[in-house]
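All chains, please: the whole structure from these sequences, using the hints.
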Amino acid sequence: VLLRRKKKGIDDEVDFQIVEPDRIIQNGDKISILRHMHERVVPAAPHIEIVRETDRILAVNKIAGVPTQDDVGGLNSMVSMVIDSLTSRINSNIPVPAETEYPIFVPISSHTAEPNTPRNPFATTTTAAATSTAEVPNSVSNLIATDTASVVTAPDTSTTTIRPKTHNSNRRLYMCHRLDKAVSGVLMFAKGGGTVKWITQQMKQRFVRKFYLARVRGKFEIPEGKDHQICTLKLAWCKVQRKGLIDQTTGKSCLTRFVLLGYHQASDTSLVLCSPFTGRRHQIRIHLSGLGYPIANDELYGGVTTAADAPVTPIYTDDESGTLRMAMNQERRDWCRKCKWASDVLEHKEPSPLVDPGIWLHSLRYELLGEERLVMQTSIPTFANDFQFDLPNFDELYASFQNGHEIIDEDDSDGGD
13 VLLRRKKKGI DDEVDFQIVE PDRIIQNGDK ISILRHMHER VVPAAPHIEI
63 VRETDRILAV NKIAGVPTQD DVGGLNSMVS MVIDSLTSRI NSNIPVPAET
113 EYPIFVPISS HTAEPNTPRN PFATTTTAAA TSTAEVPNSV SNLIATDTAS
163 VVTAPDTSTT TIRPKTHNSN RRLYMCHRLD KAVSGVLMFA KGGGTVKWIT
213 QQMKQRFVRK FYLARVRGKF EIPEGKDHQI CTLKLAWCKV QRKGLIDQTT
263 GKSCLTRFVL LGYHQASDTS LVLCSPFTGR RHQIRIHLSG LGYPIANDEL
313 YGGVTTAADA PVTPIYTDDE SGTLRMAMNQ ERRDWCRKCK WASDVLEHKE
363 PSPLVDPGIW LHSLRYELLG EERLVMQTSI PTFANDFQFD LPNFDELYAS
413 FQNGHEIIDE DDSDGGD
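Going by this note's numbering, the first residue of the sequence shown is number 13, and it counts up by one from there.
Take the hints with a grain of salt, since some may be wrong.
Claimed, not checked - Capping the alpha-carbon separation at 25 Å, the derived lysine to any residue pairs in SDA-like fashion look like this: (1) Lys193 x Ser89; (2) Lys42 x Ala56; (3) Lys231 x Lys216; (4) Lys352 x Ile327; (5) Lys216 x Lys264.
Stated by the list, open to error - Computed spacing ranges between beta-carbons, pair by pair: (6) Glu233 x Thr212: 34 to 44 Å; (7) Asp398 x His48: 22 to 32 Å; (8) Thr335 x Glu362: 17 to 27 Å; (9) Ser391 x Lys42: 44 to 54 Å; (10) Val324 x Arg35: 48 to 58 Å; (11) Glu51 x Lys238: 41 to 51 Å; (12) Leu403 x Gly230: 14 to 24 Å; (13) Lys209 x Ile327: 31 to 41 Å; (14) Ser391 x Val31: 25 to 35 Å.
FYI, nobody ran anything at the bench for these hints, they're computed from the structure.
The C-beta atom is built at its ideal place from N, Cα and C for all residues, glycine as well.
In structure tokens, the structure reads:
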């Protein structure tokens, strides 16, 4: 516990100092409590793919194995990993792509109707030429490159502060939604609390389109005469088993559409494009399992991890010089059981857990469809390399989804995908 006395004179100490337990606290004093904690162990990600950046949001390609739920900051938080990745690119003179082939903001005429007009989020949209944002005024990369504290104002009047190499609370990058730890793909950050509210409102009003890629067991079948499969199985969450369950009686309504992209005969797996209309926890994983086509390596819902796909990297891997061991010894506390366990792992006295490589489910594309259209699409994940396929025209695909569309009015914001 550190204490900083209220400053009463010009010569008073202004730094936090260690004090005796019997020191009496006075009005105006400030207390700082230092905690001994272990960072989450996450896969190494030297360069995270930047999917899209505007003056309001930063979208990245999250790697599998990094949690987003209950992200409380720290060196291994998703926010810190993004900042560190950009810093590494800049220090190594690796260009940070400012643009991709996908449009950024495009007017959507079909979503500017009167407030009482029935919504149709699957309506075919009209697009215009994309506005170039090659020079984003408040890009995170520029703020890191200047290596100074910067304050910018987003269009929604939210104030954003980015300070490289400082605590997460000063960076003001806010995670807008969640992805399961085992899932990779599009993850959005807002550059201010007001932008978070704006994006959250878009999702609540279902002005959002989401597309995922999944590699599933078996040859995925589409009903005869249809171009996609629809699943509306109701889902419930079991806190004891920590997994979702199909419950047609008391479960929550949800809807997912599936399109077959390809079949790999040698592995008897299919590549499926998934489009969830609602956002229940583990919705895509459970629906695929319920249809009889679980994600091939998702053991929680019926998949099987083969020897070739099993994780092989220990979570603690030291170099020949023992750099990790020396760093651990500097911060080790004799009373901490986790410190002792980690030291035993490094000295090969205890078996090391392995890095979780994630499952074959990838958030490929996000579209926000409010008064402006924001499109974010990642590169194709490696688990799809065995398939020969072309991605569909997404607007045409949604137009085909419109037939047989079922409206679901329940709140659907109960977790990540």
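These are the hints, each one checked on the structure:
1. Lys193 x Ser89: Judged against 25 Å, a Cα distance of about 12 Å means the pair holds.
2. Lys42 x Ala56: Between Lys42 and Ala56 the Cα gap is close to 37 Å, so the pair fails against 25 Å, i.e. violated.
3. Lys231 x Lys216: With Cα atoms ~34 Å apart, Lys231 and Lys216 exceed 25 Å; violated.
4. Lys352 x Ile327: holds, 16 Å
5. Lys216 x Lys264: Satisfied, since the Cα-Cα distance of roughly 16 Å is no more than 25 Å.
6. Glu233 x Thr212: 34 to 44 Å: With a Cβ separation near 37 Å, Glu233 and Thr212 satisfy 34 to 44 Å, so the hint holds.
7. Asp398 x His48: 22 to 32 Å: violated, 46 Å
8. Thr335 x Glu362: 17 to 27 Å: With Cβ atoms ~20 Å apart, the hint holds.
9. Ser391 x Lys42: 44 to 54 Å: Because 47 Å falls inside the window, the suggested range holds.
10. Val324 x Arg35: 48 to 58 Å: At roughly 53 Å between Cβ atoms, Arg35 and Val324 fall inside 48 to 58 Å, so the hint holds.
11. Glu51 x Lys238: 41 to 51 Å: With Cβ atoms ~48 Å apart, the hint holds.
12. Leu403 x Gly230: 14 to 24 Å: Distance hint for Leu403, Gly230 holds at roughly 22 Å.
13. Lys209 x Ile327: 31 to 41 Å: Between Lys209 and Ile327, where Cβ atoms are some 37 Å apart, the hint holds.
14. Ser391 x Val31: 25 to 35 Å: At roughly 54 Å between Cβ atoms, Val31 and Ser391 fall outside 25 to 35 Å, so the hint is violated.
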